[in-house]
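K.L.:
Next come the chains, spelled out residue by residue.
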Amino acid sequence: NAGVMQNPRHLVRRRGQEARLRCSPMKGHSHVYWYRQLPEEGLKFMVYLQKENIIDESGMPKERFSAEFPKEGPSILRIQQVVRGDSAAYFCASSPWGGEVMYFGPGTRLTVT
Amino acid sequence: KQEVTQIPAALSVPEGENLVLNCSFTDSAIYNLQWFRQDPGKGLTSLLLIQSSQREQTSGRLNASLDKSSGRSTLYIAASQPGDSATYLCAVRLTGRRALTFGSGTRLQVQP
Chain A
1 NAGVMQNPRH
11 LVRRRGQEAR
21 LRCSPMKGHS
31 HVYWYRQLPE
41 EGLKFMVYLQ
51 KENIIDESGM
61 PKERFSAEFP
71 KEGPSILRIQ
81 QVVRGDSAAY
91 FCASSPWGGE
101 VMYFGPGTRL
111 TVT
Chain B
1 KQEVTQIPAA
11 LSVPEGENLV
21 LNCSFTDSAI
31 YNLQWFRQDP
41 GKGLTSLLLI
51 QSSQREQTSG
61 RLNASLDKSS
71 GRSTLYIAAS
81 QPGDSATYLC
91 AVRLTGRRAL
101 TFGSGTRLQV
111 QP
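Top to bottom, those sequences are chains A and B.
One point on numbering: in the numbering used here, the residue at position 53 of the first sequence is 53, and numbering is uninterrupted.
One point on numbering: in the numbering used here, the residue at position 27 of the second sequence is 27, and numbering is uninterrupted.
If you're looking for bench data, these hints aren't it; they were derived computationally from the structure.
Among the hints, erroneous ones may be present.
To be verified - Here are the computed lysine-lysine pairs in the DSS-like style, where the Cα-Cα straight-line distance is at most 25 Å:
1. Lys27(A) / Lys42(B)
2. Lys27(A) / Lys51(A)
3. Lys42(B) / Lys44(A)
4. Lys62(A) / Lys1(B)
5. Lys68(B) / Lys44(A)
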């Protein structure tokens with residue numbers, strides 16, 4: 001059973017471009033979570049999704065950020081018009097229905113130049 | 001708002017020592033508490049999960065305790081090894097929510 005997969009692992013974008021981060025949860029997991037780790041800071045929750053539904057987006061910035069988890073395919077975290085402050089490691093985690101333990105992916109390191 | 005604090009921020013010990021990492025949280029209405037390990041440039045690996053009704057969990061050389069009333073958890077690592085060098089993160093899940101609130105971590109270096 002492959003772990004949580006994220007791609008790309010590293011992403012470089014210029015200010016104003018769009019960034020798309022993909023996350024494939026572990027097989028059989030129906031819950032996906034996105035966290036952001038800014039340099040020298042702890043992980044901060046962004047959004048929690050189930051298939052085709054956003055359950056909790058209390059940690060998402062109000063503008064430029066969106067997330068989806070379609071019926072088929074990976075979860076996508078989309079950042080429009082990136083700014084330097086968006087440079088961070090973005091981690092995806094998944095858990096099964098009713099499961100307690102969260103399994104994290106290796107992260108995508110976004111650098112905005 | 002839940003806040004999670006980890007002390008110390010960094011720790012360097014010689015191989016073989018037993019050590020304790022501390023985690024404190026402000027809101028005692030937790031559902032569970034999880035300890036993770038993060039290696040540089042890598043993702044997080046879950047080490048131990050303690051439910052709010054439990055007092056401790058053990059896995060190999062690791063033992064985690066939970067005192068909800070005082071808002072504290074400790075991670076005890078016995079007979080430390082250089083391979084234990086990593087950042088250790090404490091994360092709390094509140095009742096009624098799925099999101100985790102993380103501490104800033106303790107960066108551990110075990111000297112051979």
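K.L.:
Now tell me if each hint is right for this structure.
P.N.:
Against the structure, the hints:
1. Lys27(A) / Lys42(B): holds (21 Å)
2. Lys27(A) / Lys51(A): holds (13 Å)
3. Lys42(B) / Lys44(A): Since the Cα atoms of lysine 42(B) and lysine 44(A) sit roughly 16 Å apart, the hinted pair holds (cutoff 25 Å).
4. Lys62(A) / Lys1(B): Given pair lysine 62(A), lysine 1(B) holds - Cα atoms ~19 Å apart, limit 25 Å.
5. Lys68(B) / Lys44(A): Holds, because 22 Å separates the two Cα atoms, which is no more than 25 Å.
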